[in-house]
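Residue numbers (our numbering), protein chains in the order written: chain A, 94 to 635; chain B, 220 to 449; chain C, 29 to 151.
These aren't lab readings, by the way, just hints derived from the structure by calculation.
Incorrect hints may have been included.
Unchecked claim - Here are some chain C residues the structure puts well away from chain B; computed CB gaps all over 10 Å:
1) 36
2) 118
3) 121
4) 122
5) 123
Claimed, not checked - Part of the chain A face toward chain C, derived, beta carbon under 7 Å:
6) 158
7) 308
8) 344
9) 396
10) 407
11) 408
12) 413
13) 575
Stated by the list, open to error - 27 Å max Cα-Cα, derived DSS-like pairs, lysine-lysine:
14) B:287 with A:210
15) B:336 with B:287
16) C:36 with B:411
17) A:439 with A:375
By construction, the Cβ of each residue, glycine as well, lies at the ideal position given by its N, Cα and C atoms.
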Amino acid sequence: MSTVAVEVAPTLPEVHYLNADYGWRSWLFTTDHKRIAWLYLFAITGFFAVGGLMATLMRLNLIEPQGLLMEPASYNKLFTAHGLIMIFFFLAPSIPTVLGNFLIPIMIGARDVAFPKLNLLSWYIFMLAGSTFMFSVIRGGVDTGWTLYTPLSTTYANGHVLSAAVGIFISGFSSILTGLNFMVTIHKMRAPGMTWFRLPLFIWSLYATSVIFILAMPVIAITLALIALERVFHVGIFDPALGGDPILFQHLFWFFGHPEVYILILPSMGVVSELVAAGCRKRVFGYSFVAFSSVAIAAISFMVWGHHMFLTGQSVYAGFVFSALSFAVAIPSAIKVFNWTATMHKASVSYDAPMLYAIGFIGLFTIGGLTGLFLASLGEDVHLHDTYFVVAHFHYVMVGGAIMGYLGGLHLWWPKMTGKLYPEAWARFACLLVFAGFNLTFGPQFILGYLGMPRRYAVYPPEFQVLNVMSSAGASILAIGYFIPLVYFTWSAFKGPIAGPNPWGAKGLEWTIPSPPPTNNFEETPIVEEAYAYGHEEAHVG
Amino acid sequence: MADAHVTAVPVAHQFDDFEQQTNADTFGMWLFLATEVLFFGGLFCGYSLYRNLYFDAFTAGSHLLKVKYGAFYTVLLICSSLTMALGVRSAQLRRRTALTIYLILTWIMGFAFVYIKLRYEWYGDYLEGLAPAVNWAPSRESMEMINHFHAAVPHVALFFIFYFCMTGLHALHMIVGVGLLTTLLIFTRQGKVTGGNYNWVEIVGLYWHFVDIVWIFLFPLLYLIGGRYV
Amino acid sequence: MSEHVLPKKLYFAVFLSLIVLTAITTGVAFIDLGPFNTVVALVIAVIKASLVVLFFMHLKYQTGMTRVVIVAALLWLAVLIGITMSDVFTRHWTEHGKAWQRGSVILPDRSTGSTALRLPGRA
């Protein structure tokens, strides 16, 4: 960013999407994809705070082997709500609805998404879903775990399963409509010259995510409807006493559930591709491999669901197939990791906050992914199933992966969204804090799980206390690491230095327009000739 | 394609031209139908599992349904699909009167389907004690049929659960479809459809035909299990 | 490109085929073909659905992408049902699974170390 100093100081455009219109109506009834992104940003930040608070309480409780704070029943409700909020109301919408909504039309050179009103409707459906779910939490919550396994959820659970299920059911439709909107936008709204292989990799990954939204969400919707039916009428759909098959529920749930975790990680992978390209000032190595690996992950993710069910009565022969397919999904994931690393090879890597997050992502996702292979092995899973090893594994992917990507993306595009620069030093500090806190929180949990501590318990044998205290200490550092960006982002939105259209010297259509962009994004429809056109200036100079 | 019509239509600001708009709308509807396939798919999956586990019970349950209803609905829906397709054709040719007539015919058949399904068939099943959890008390004739196939009563109830869920979800879609047709009729009357938005008819048509296809599968899967030659 | 005005004749031909196929599928149900009753019924249903999709829904005249969407949806449906069924069909290949299918539980026999079936009384 040293080059900025010799140029004329950047100024804000006079009219942009943030000041084009004023008043609460201009926000709540907006159809501008950029403003809808902000609506989502506020909503999911709220959900993240609630879910994070629950995690903090849980870690606090686990400082003492007998539980510091609460009864086991409250603990059960807490981890259930934490899981459901984080997955359905923070992680799944995070990158697609905030960064995706903001960037997809801009990155492909369109004025808006294909169906702007539907886009706003998705937000309202999302808020309705969130309110319904929070209503069930406030009334007393659910204690089944986020998986809502039957017959626990349909017969034995005393919590408010019904309203929680309704909330998640509704949120599914928000995701379906968002996915549909994105897919049509990417198919039909690309600017002239924006061929499929000139699309930014972020678009590829969100495209793959949308495919999962469209094909997986309806299955969970109908499954939750069956849960509600079974809970109200006790007709025996999942009740073995009446001939029902509880494993059918798990099949239906995980047919959605496993692709769902790729809904959470794929957008983050797309963000990291952009972060690496911008941070290394280089086209991502093996562009088409990275692009196709997104699609491959989306496709294979639908055929691996049974690895969650190795120990629940599923046929062992189906288990063989699921295990093999689960190993297969590691291949496209590894392709991505290797290509990002190869991009950084011999590049002039910047160590600004977005790139730090990207590097953090690559490391943590690799650990999360590789420990997934332990769990995909039929024999190994017997030992590790339902232990803290699983908890650590998916937090490495979800928190170490997905949230690192989300935060990195927010940092990279914050100047575009607000027109202001965030304080770089604070951002780097927060990133390191997040990285350190994260590893301290979840690293010990691998060991705990391997030693045999089961997940979802409010109490544990005293010999596990040291590792649990380490984990809780890490969680407090992590919480501070998440809090700092909230403060400096808010500060910078009002008082931050003006960013100018392209503070990173990055390539891509979003950097060719003013920050913040005008309401219609582009004065005239751009014509695209090349993706990631890095390296041309140097060539001209040389 | 008649240019006069194209220029008369307002194109939403995010689209470059009318063709892009119609293509996007149609493609969006197809994607939505893909979602619907999986939405019904969850029920079909459960159905397949229990049908394989408890084939006798499903056969017995199927014999307790009346084939004449199933066949009648199938014919009714095929007729409505024809009128819907002809309606789309009239919209393409900007024939407002013909379009109105076809839409009304489709509407009537759709409404008749829902009415007969709920008022006569479902209510009849309910009265016969074939509605699990609500009124589950199979009559003596029903029990004879169940015993004839050596089926367990709870498993027959499971069949009826799936019968009510699948036809219920289908009927829900029919109700939405009838609502869409009503809206379309109002727009046609206002001249909005033949004024250029004929694509709306195509889109509602896609939905309508999809719901018809679901029934095409539901008919043999629910009403004809194990044949009727006994 | 959405302007594919098909002749009315075609629509009526498709309609007639659908009606005839409905008659056949209903009629065949009254003839004993053993397991092939199901097969015939499903094959006819697939033919009818294809007719509706191709002609009434104009898929025949749509771009390739629309076909990909339909094929993908059906493929995913096949994955959902197919793999779930593969579990159900192979569960009884092992003793534990077989016992489960019968609605019973297996308890390890502590004296011999082998597993023995214990069938709970069922209503």
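Status of each hint after checking the structure:
For residue 36 of chain C, the condition that its CB be more than 10 Å from all CB atoms of chain B is violated, with the nearest at approximately 7 Å. In this structure residue 118 of chain C is separated from chain B by more than 10 Å, as the shortest Cβ-Cβ distance comes to about 12 Å. Residue-level check passed: residue 121 of chain C sits 15 Å from the nearest beta carbon of chain B, beyond 10 Å. The claim that residue 122 of chain C is not at the interface with chain B holds, since no C-beta of that chain comes within 10 Å of its own (minimum 17 Å).
Residue placement check: residue 123 of chain C keeps its beta carbon more than 10 Å from all beta carbons of chain B (closest about 18 Å). Nearest Cβ of chain C to the Cβ of residue 158 of chain A: about 31 Å, over the 7 Å cut. The hint is violated. Interface restraint check for residue 308 of chain A: the shortest CB-CB distance to chain C comes to about 5 Å, inside 7 Å, so the restraint holds. For residue 344 of chain A, the suggested interface contact is upheld, since its CB lies about 4 Å from the closest CB of chain C, less than 7 Å.
For residue 396 of chain A, the interface hint holds, the least distance from its beta-carbon to any beta-carbon of chain C being 6 Å, beneath 7 Å. Given the 7 Å rule on beta carbons, the hint for residue 407 of chain A holds: about 5 Å separates it from the nearest Cβ of chain C. With a least beta-carbon distance of about 4 Å to chain C, the hint placing residue 408 of chain A at the interface is held under the 7 Å criterion. Among the interface hints, the one on residue 413 of chain A is violated; its C-beta lies about 9 Å from the nearest C-beta in chain C, farther than the 7 Å criterion.
Violation of the interface hint for residue 575 of chain A is found here, the shortest Cβ-Cβ separation to chain C being roughly 36 Å, above the 7 Å cut-off. This hinted pair does not check out: residue 287 of chain B and residue 210 of chain A have alpha carbons roughly 44 Å apart, beyond 27 Å. About 12 Å separates the Cα atoms of residue 336 of chain B and residue 287 of chain B, which keeps this hinted pair within 27 Å; it holds. Taken as a hint, the residue 36 of chain C and residue 411 of chain B pair is honoured in the structure, with Cα atoms around 24 Å apart against an allowance of 27 Å.
Using a Cα cut-off of 27 Å, the hinted pair residue 439 of chain A and residue 375 of chain A holds, with the two alpha carbons roughly 10 Å apart.
Hint check: violations occur at hints 1, 6, 12, 13, 14; the rest are consistent with the structure.
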